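Here the protein sequences line up with chains A, B and C, keeping their order. If you read the first sequence in our numbering, its first letter stands for residue 1, the second for the next number, and so on. If you read the second sequence in our numbering, its first letter stands for residue 1, the second for the next number, and so on. If you read the third sequence in our numbering, its first letter stands for residue 1, the second for the next number, and so on.
Every clue listed holds true.
Sample of chain C residues with no beta-carbon within 12 Å of chain A, all distances over it, derived:
#: 1; residue: A18
#: 2; residue: G24
#: 3; residue: T293
Restraint ranges, calculated between C-beta atoms of paired labels, are given here:
#: 4; chain 1: B; residue 1: T22; chain 2: A; residue 2: Q115; range: 52 to 60 Å
#: 5; chain 1: C; residue 1: Q347; chain 2: B; residue 2: Q86; range: 33 to 41 Å
#: 6; chain 1: B; residue 1: N327; chain 2: C; residue 2: Q347; range: 15 to 23 Å
It should be emphasised that the hints constitute simulated quantities derived from the structure, not laboratory data. All figures in this text were calculated on a predicted structure; none of them were measured in a lab. For glycine and all other residues, C-beta sits at the position ideal for the given N, C-alpha and C.
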Amino acid sequence: MPLLLDAARAPSLNALLAATDTTGLEWQVRLTAGAESPVIRGLGTLASAGRHELSFLTNPKYHGQLAGTHAGAVILTPDADRALDQQVEQEGKPAPAFARVVCNNPYLLYARVAQWFDRARRGGADYGVHPTAVVAPDAVLGDKVIIGPHCVIEAGARIGSGTVLGPGCVIGAGSAIGADGLLHARVTLYPGVTVGARAILHSGVVLGADGFGLAPDPTLGAGAWTKIPQLGGVTVGDDVEIGANTTVDRGALDDTVIGNGVKLDNQIMVAHNVRIGDNTAIAACVGIAGSTTVGQRCTIGGAAMLSGHLVLTDDVHVSGGTAITANVMKSGRYTGVYPFADHADWQRNAAVIQQLGLLRKRIRALERSE
Amino acid sequence: MPLLLDAARAPSLNALLAATDTTGLEWQVRLTAGAESPVIRGLGTLASAGRHELSFLTNPKYHGQLAGTHAGAVILTPDADRALDQQVEQEGKPAPAFARVVCNNPYLLYARVAQWFDRARRGGADYGVHPTAVVAPDAVLGDKVIIGPHCVIEAGARIGSGTVLGPGCVIGAGSAIGADGLLHARVTLYPGVTVGARAILHSGVVLGADGFGLAPDPTLGAGAWTKIPQLGGVTVGDDVEIGANTTVDRGALDDTVIGNGVKLDNQIMVAHNVRIGDNTAIAACVGIAGSTTVGQRCTIGGAAMLSGHLVLTDDVHVSGGTAITANVMKSGRYTGVYPFADHADWQRNAAVIQQLGLLRKRIRALERSE
Amino acid sequence: MPLLLDAARAPSLNALLAATDTTGLEWQVRLTAGAESPVIRGLGTLASAGRHELSFLTNPKYHGQLAGTHAGAVILTPDADRALDQQVEQEGKPAPAFARVVCNNPYLLYARVAQWFDRARRGGADYGVHPTAVVAPDAVLGDKVIIGPHCVIEAGARIGSGTVLGPGCVIGAGSAIGADGLLHARVTLYPGVTVGARAILHSGVVLGADGFGLAPDPTLGAGAWTKIPQLGGVTVGDDVEIGANTTVDRGALDDTVIGNGVKLDNQIMVAHNVRIGDNTAIAACVGIAGSTTVGQRCTIGGAAMLSGHLVLTDDVHVSGGTAITANVMKSGRYTGVYPFADHADWQRNAAVIQQLGLLRKRIRALERSE
Chain A
1 MPLLLDAARA
11 PSLNALLAAT
21 DTTGLEWQVR
31 LTAGAESPVI
41 RGLGTLASAG
51 RHELSFLTNP
61 KYHGQLAGTH
71 AGAVILTPDA
81 DRALDQQVEQ
91 EGKPAPAFAR
101 VVCNNPYLLY
111 ARVAQWFDRA
121 RRGGADYGVH
131 PTAVVAPDAV
141 LGDKVIIGPH
151 CVIEAGARIG
161 SGTVLGPGCV
171 IGAGSAIGAD
181 GLLHARVTLY
191 PGVTVGARAI
201 LHSGVVLGAD
211 GFGLAPDPTL
221 GAGAWTKIPQ
231 LGGVTVGDDV
241 EIGANTTVDR
251 GALDDTVIGN
261 GVKLDNQIMV
271 AHNVRIGDNT
281 AIAACVGIAG
291 STTVGQRCTI
301 GGAAMLSGHL
311 VLTDDVHVSG
321 GTAITANVMK
331 SGRYTGVYPF
341 ADHADWQRNA
351 AVIQQLGLLR
361 KRIRALERSE
Chain B
1 MPLLLDAARA
11 PSLNALLAAT
21 DTTGLEWQVR
31 LTAGAESPVI
41 RGLGTLASAG
51 RHELSFLTNP
61 KYHGQLAGTH
71 AGAVILTPDA
81 DRALDQQVEQ
91 EGKPAPAFAR
101 VVCNNPYLLY
111 ARVAQWFDRA
121 RRGGADYGVH
131 PTAVVAPDAV
141 LGDKVIIGPH
151 CVIEAGARIG
161 SGTVLGPGCV
171 IGAGSAIGAD
181 GLLHARVTLY
191 PGVTVGARAI
201 LHSGVVLGAD
211 GFGLAPDPTL
221 GAGAWTKIPQ
231 LGGVTVGDDV
241 EIGANTTVDR
251 GALDDTVIGN
261 GVKLDNQIMV
271 AHNVRIGDNT
281 AIAACVGIAG
291 STTVGQRCTI
301 GGAAMLSGHL
311 VLTDDVHVSG
321 GTAITANVMK
331 SGRYTGVYPF
341 ADHADWQRNA
351 AVIQQLGLLR
361 KRIRALERSE
Chain C
1 MPLLLDAARA
11 PSLNALLAAT
21 DTTGLEWQVR
31 LTAGAESPVI
41 RGLGTLASAG
51 RHELSFLTNP
61 KYHGQLAGTH
71 AGAVILTPDA
81 DRALDQQVEQ
91 EGKPAPAFAR
101 VVCNNPYLLY
111 ARVAQWFDRA
121 RRGGADYGVH
131 PTAVVAPDAV
141 LGDKVIIGPH
151 CVIEAGARIG
161 SGTVLGPGCV
171 IGAGSAIGAD
181 GLLHARVTLY
191 PGVTVGARAI
201 LHSGVVLGAD
211 GFGLAPDPTL
221 GAGAWTKIPQ
231 LGGVTVGDDV
241 EIGANTTVDR
251 GALDDTVIGN
261 GVKLDNQIMV
271 AHNVRIGDNT
281 AIAACVGIAG
291 STTVGQRCTI
301 GGAAMLSGHL
311 VLTDDVHVSG
321 GTAITANVMK
331 SGRYTGVYPF
341 ADHADWQRNA
351 AVIQQLGLLR
361 KRIRALERSE
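Pulled out of the complex, with its shape left as it was, chain A reads as follows:
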């Protein structure tokens, strides 16, 4: 990837780590004897990083890439550090030139350093309300907010201090966003939606559209439906990130609830009156039908679907593509995806699927006749 910072603005490795939030991490820098702390202008993989980039090794199976990397510095575990020393000793070759950052949790330290770069490359914020934005007179804007071009903030809406709205966001009447949030371009909050602090909402997110509530109404014709107005709202906790084009519907009577620390990827559908527990992470293209409750610390793989009115307990892990059609009251991993195959093989096996009941009968008959 391109370098993130100009040489003039880039810190030394030691300065970078001093500026990074390393709460909860143990780390130390090991420079090659006589070497200076390298200037770090960006981050890269072991395979692609150059001499002004910091890289990291988290998975032991990539240990072999250390020998060939051009990275200026590498974050690695104490184990990997020791293994590298032993290897150098055994092979009698000079140690790799990169500076080592030995850390008990390289992946987390990498995340923290990346967060520093992410802030650094954004540069100074330009607080204020763009003149093309339409802000209701009684909307309440915190200090240091940024309201982008063509935003619409309706009556009584509240935007917490330090929160940034990209171009074209719409905040419905009476809705509220907490402090230090980041709404990318074209996020829509219907009225009656409450979002906590430090939210990250991506483009195309829609919070609070009507749940799919219909009652059969024979007075409108055979098979016709009348709308059940969705009078609840949406409540989203703190530290929630929601991916592009994901939709969370408002509740029928009570609210749809997204807990603290929940992470939703792109193009997810959360139906009315769903409840998602704290720190649950859901990958892209998942659909959760109405009134289902997902516990805390769950992970749901991409394109999984959850039927309505179910309960999933805490610490449930659903594999991608799996349809969960019944309650899951025991923590663990659950899977239900049809195995793919070469098309001709699939045809042969799929044909048998539709005779499985019969096949079982035939086995039973054979067993009886023994």
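Chains B and C: place on chain A using the hints.
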């Protein structure tokens, strides 16, 4: 949920029912002896409603909740009403304090009352065109329309009387929306799209994007595609609701057609030249491939997919997550979802799936050898 | 469908074909003796076209429709042309009245003629920047661009000459679009996105939202996640079309890459660091998880899903609804969709699925006891 109306604006139960459209319903209010008709400020479930809220009982299995509800009034069936009387008599306890609304169809009456509240809480409309909207000189706007901030109405477009466009809607050249429609923020109609009366279109809906029409064009390179322009449009009937981020593509030559009374949930994909019959309801995340025809009064469960060039007759009900890959010419319910299991169990069973043809042979061999 | 052009602007068949790009095609017009080249005002199917419309026959199984069509002209293969002659001769009836366009590739010629009509009906472009658009002073706009109402072009962004932006598009800081592109209403490019020439991006497309990168961070609480900033970008080649509400996430460190000539349908999700090879076409509702590489000239059917960190070689064809959960290193067609059935049949067979391991054991026991 929070109360919907201030005490000052809230009606008595009797006034509320008089103001509600109860066409086709039989109902009567039963107050406890000497009690006044309670003031109703909102709606709630039996479990959550308070004394100024109206609740309802539709499913007999929740009958037991009647005893403990704090609701000021409850809609219930004549059967439930009688059962409650008997229960009170047998147990010798005082009757529950709530007013009863005895009705032959509680769910429909609840829907109608909710519709009244939904209108009441919205308050008076503020007709007119927002000054930031861009409206072509030859666009035709009906009376009492509301065109929100940053809307764009292109040349020759027509908006029916009473129709409301939320912020940021785009109505393409020559497209038309009927009367009394409600387009939430950021709905896009391409040119050549016609929508009937009383439409409800949610945020992020896109009607009339190009269908996925490609022809192999070897002159552009091996395996290259050229675009087949999509020259048809989209025709949507009356009383249609379309959920957030749902897309309906325009036809290649003829139109894509959505019938009257069709209800589409969020994140649905309707491909070019699909036809959906009247009063069919489709849950979220469904994909319907090109040129497939779905009959009237069908229901399609969430995350189902329909292959292209199929016909589904009337009154077909597809379970969630099911892939429909062949015509369905007989009404009824169809399902095809792989059953999920604990991951280890799944691994064991999925491995056998890929040997099913072989397994059948082995059974046959055993049968022959008997 | 309605006629595309007024009679006054419509060309004769010969003029139309002369104006159409027929590179790489062999074709000739056969008029009925004495007939003039018909005026062509639009295109239609054999069943619906009228006398001022051009139709086409590509699939021999519809040959029978030639006898009854009202089309003014029909594109057909030399084989179909000969077969029609023989049929006329055998039946002794007069030849159909339509003009014939005999061509070695009718579908491609139809695509090219449709492209001509598509340009013709759009009429003259109205170059320029709409006064409501917000364009950064240092953005670079090519000549003959159209920037629609309420667009936002951020600092340093570049728009190639001849490119059109519909209403409400947002082009992030430093992003670039090549020449002759068409962005429909409400397309969003985050910063750091590069799109090649002749792109067609449909409404609701989001390129460059953050990939779903999370690291467990126990310092934030049990099971809590911290964000891994997504510092890479998105690179999209030339001649790419992307359907409505499709999202392509930016890379974590390196870019997410969409090759030349790639065609993506609606509501597709392309996760971070995915790479899609040239001329691959992907139908709607597909999800591709992070770091997966798809080869050249692949086709992926609707609602398929690809797990992360996989490799699919060139010329792989995945059937709709299939979950690809392992590398595919051999070209060919792959399928894995559970066959649907009448609900009661499904229940019976699905129950057996969960006993397949057991069933296999029972067969083994029977085999042993023989």
